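J.: Taken in sequence, the protein lines are chains G and P. Residue 347 in numbering that gives the first Met the number 0 sits at position 348 of the first sequence, with consecutive numbering throughout. Residue 107 in numbering that gives the first Met the number 0 sits at position 108 of the second sequence, with consecutive numbering throughout.
Just so you know, the hints here were simulated from the structure itself, not pulled from any lab data. There's no promise every hint is true.
To be verified - From the derived model, a few chain G residues whose C-beta atoms are all more than 12 Å from chain P:
no.: 1; residue: Pro-49
no.: 2; residue: Thr-51
no.: 3; residue: Arg-52
no.: 4; residue: Arg-71
no.: 5; residue: Trp-105
no.: 6; residue: Ile-115
no.: 7; residue: Gly-137
no.: 8; residue: Gly-183
no.: 9; residue: Arg-246
no.: 10; residue: Arg-292
no.: 11; residue: Asp-318
no.: 12; residue: Ala-325
To be verified - To give an idea of the chain G side of the interface with chain P (calculated C-beta under 10 Å), a few residues:
no.: 13; residue: Val-67
no.: 14; residue: Thr-72
no.: 15; residue: Glu-97
no.: 16; residue: Ser-224
no.: 17; residue: Leu-340
no.: 18; residue: Ala-349
Stated by the list, open to error - Far from chain P by the CB rule (all over 10 Å, computed), these chain G residues:
no.: 19; residue: Leu-48
no.: 20; residue: Ala-79
no.: 21; residue: Glu-96
no.: 22; residue: Gly-98
no.: 23; residue: Arg-111
no.: 24; residue: Ala-143
no.: 25; residue: Lys-206
no.: 26; residue: Val-209
no.: 27; residue: Asn-243
no.: 28; residue: Gln-310
As the structure is a computational prediction, the values presented were derived from the model and not from experiment. Glycine included, each C-beta is placed from N, C-alpha and C at the ideal position.
Spelled out, the chains give:
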Amino acid sequence: MIARACRLAALACLAALAAGCQRGEHARPLTVVSWGGSSQDAEHEAYYLPFTRETGIPVREDSWHGGVGVLRTKVLGGDASWDLVQVETEDLILGCEEGLFDPIEWSALGGRGAFIPGAVHQCGVGSVAWSYLIGYDGDRFPQAGPRTWADFWDVRRFPGRRGMRRTPKYTLEIALMADGVPPGQVYALLRTPAGVDRAFRKLDQIKPYVVWWSSIAQVPDLLGSGEVAMSVTSPGRLVVANRNEHRHFKVSWAQNVYAVDYWVILHNSPRRAEAQQLLRYVTRPESQMRLARLIPTGMTNREANRRIAPQYRENTPSDPANMRDALQLDGNFWVEYGDELTQRFNAWLAR
Amino acid sequence: MATSSPSVSTPGWRAEPARTRAPRRRGGWWTYALAAPLLAFLAATFLIPVALMLSRGVTERELPAVWPATAAALRQWDGSGLPRDALARTLAADMRRSRVKGGINLVANRLNADQVGSRSLVYGTADRLVAGARGDHVADLARIDPRWGERSTWAMLRHAAGPATSFYLWAALDRRVDADRHVVPVPSEQAVFVDILARTFEISFTVALLCVLLGYPLAYLLATIPKRWANPLLILVLLPFWTSALVRTTAWVVLLQTNGLVNDTLLALGLIDRPLELIYNRLGVYVALTHVLLPFFVLPLYGVMKGISPVEMRAAGSLGANPLQAFLRVYLPQTLPGVAAGALIVFTLALGYYITPALVGGGGDQMISSMIAFYTDQSLNWGMAAALSLLLLAPLVLLLFFGRVLARTVPA
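Could you put together the complete structure from these sequences and hints?
T.: This is the structure:
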């Protein structure tokens, strides 16, 4: 009797397992994936809520930290749980080559000309432009704070430790600019062994003073607790801290390194039509302006940049005054040299 | 299953296997059917994917799949001097086709992992070929890019022609195979993996040791004090267990930073006159990691200690042993399986941690899993990720085996 019951139970388990394998992802709503935190909170208000109100299409949100390996696993592994995803430049380049993304239908978005030049790619539309630059506590340097990367290196005039991102990306570019290389020549130099040596020699000078952070979320805490006197940072979080916690964080836009993030539609999206509809919605000037009023945002739509009130452009790459000597991150460079320079950077860190 | 019986100290445990094995044989197919869903689940979600992923560390996937004719021709090439023009023609045809139909990115990135700059070499050459440039002779290719006129470029291609490869494993040991098939060390400024691997094992071992030193008295206390004290204490041990590792790590930042609680207290007491550097270095990693992993050591040991009857210690005393002797010869040996199990769990978990070292460590405190994550997620160099994982896994398997042998030799 018991034996028979167990036999039946075994068969039931097998059947349940088989059924579990067959159930797909058809039932889920349109899913958009972004960077989480305060920026996604703002996108929720400015993009996804009104989109659902206007179209009646429910939107499910997810968040991630980037890394094209995650997308490769999803698309090649047959996990169709995401539709519209925000990615960084290198993820866009590598993923596009692998065929992980759908090509963009530019005519439906108002044509390539509707966007700033860096925001146009065969597989992606720019979502936001953002910068890495110098951030510091205004209370600590009440007179004149650090302005250029050379100032960042000047530990005599501006004493205290420095926060820097623990990756060769951004760090090597910044080191060369601190050494007097004009932004336009940074990548040409980094493609030569001599240029890389020069960047590491410059980093040697500041190494004893550096606290290396691994997540941008650490920066307000590092600055706020006085652990570092200044840090490489993106301005958004400092602006939010100033607003919410009455801090006096300041930033310098001189020689900032800026990058564009992109929207992509995953190749195995089961809700392609709806994803394209949402993509049209989030790249419209009205939507981008709504986002920029909530959180400092570098907008990619030209018309949005023209029409927005000047006070919302402050502290964003959308203000031309901020971008006079800026350096655009070269995704192709990092796709090609990333492995080698990451190895060398980690070896250098441990010495 | 009988061999892993935890009740090693039970008298007559050797007789157990015979008793438990007999009914299992009578069970027939349906006992296996009952376990089949679990086994199938384990195989499908764990064993097979892990094996497939690890196999990438010792096989060449990209070039043989995307340029099959070239791969076959490369395996025939003897490697001396420049190859014959027929190979150049085959390569040019494969390049054109893969540039138009897709797949060239896989080869470009694989070759770039060997020699940086190969990505532009492959894409640049393929674009010129598609645009109509001639590729009938080695000299034609060398006119497009002079690197095709160098033997080292073709040797790199031959290394990638597979089917099996030692390329990734050597790279993970800071070595490379040169054009003459000699294994040579990479330039010293590029050598990083051996150091990181050694550091990973060093940190994990130290953390396991710290957990043993801190956790043993704690588990002993929990196992011996009256229940009304033991239960609240046990909850205190378990509480951090239910808190996310990220939160606990961040809490240590608040405590240990330059103007943190610890430094402020020491300064106020006049014990130091300048803040100590307690975080963003190895010390911070040890403190935070030991705290995060301590429950994994205490709980198994507590379970073992609970099973030891206090009568035995009293018996030892009545036979003339002083308390220290009784502890060393009666109590301690019985707890060693628990110590070994707990320490092994802590060591294994520590090997894979990288969030904690990333948040509280300095430049020289990153562990190998952060590199594996980099190659998996950022650079799509899964061969390298697999080779590093193999190097991490191999000593661990040895250790697990060693641990089992150790557990078996512990006197009952």
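J.: Examine each Cβ of chain P, and state whether all of them lie more than 10 Å from the Cβ of G/Glu-96.
T.: Since the minimum Cβ distance to chain P is about 4 Å, G/Glu-96 lies within 10 Å and the statement is violated.
J.: Was G/Ala-325 rightly flagged as not at the interface, with every chain P Cβ beyond 12 Å?
T.: 24 Å, holds
J.: When you look at the beta carbon of G/Arg-111, is every beta carbon of chain P farther off than 10 Å?
T.: 22 Å, holds
J.: If I take the minimum Cβ distance from G/Ile-115 to any residue of chain P, is it greater than 12 Å?
T.: 26 Å, holds
J.: Under 10 Å, Cβ to Cβ, is where G/Ala-349 needs to be relative to chain P, so tell me if that hint holds or is violated.
T.: Hint on G/Ala-349: holds, closest Cβ of chain P at ~4 Å, below 10 Å.
J.: Is the nearest CB of chain P more than 10 Å from the CB of G/Lys-206?
T.: The claim breaks: G/Lys-206 does not keep its Cβ more than 10 Å from every Cβ of chain P (closest is about 8 Å).
J.: Taking C-beta pairs only, is G/Gly-98 more than 10 Å away from all of chain P?
T.: Non-interface label on G/Gly-98 violated, nearest chain P Cβ at 6 Å vs cutoff 10 Å.
J.: Is the claim that G/Arg-246 lies outside the interface with chain P correct, judged by CB distances over 12 Å?
T.: 15 Å, holds
J.: Would you check whether the claim that G/Arg-52 is not at the interface survives, using Cβ distances to chain P and the 12 Å cut-off?
T.: 34 Å, holds
J.: Minimum Cβ distance from G/Ser-224 to chain P below 10 Å?
T.: 6 Å, holds
J.: Just want to verify: G/Gly-183 was marked as not at the interface with chain P; is every Cβ pair farther apart than 12 Å?
T.: 20 Å, holds
J.: Looking at G/Asn-243 again, its CB stays over 10 Å from all of chain P?
T.: 18 Å, holds
Violated hints for the displayed structure, listed by number in ascending order: 4, 21, 22, 25 and 26.
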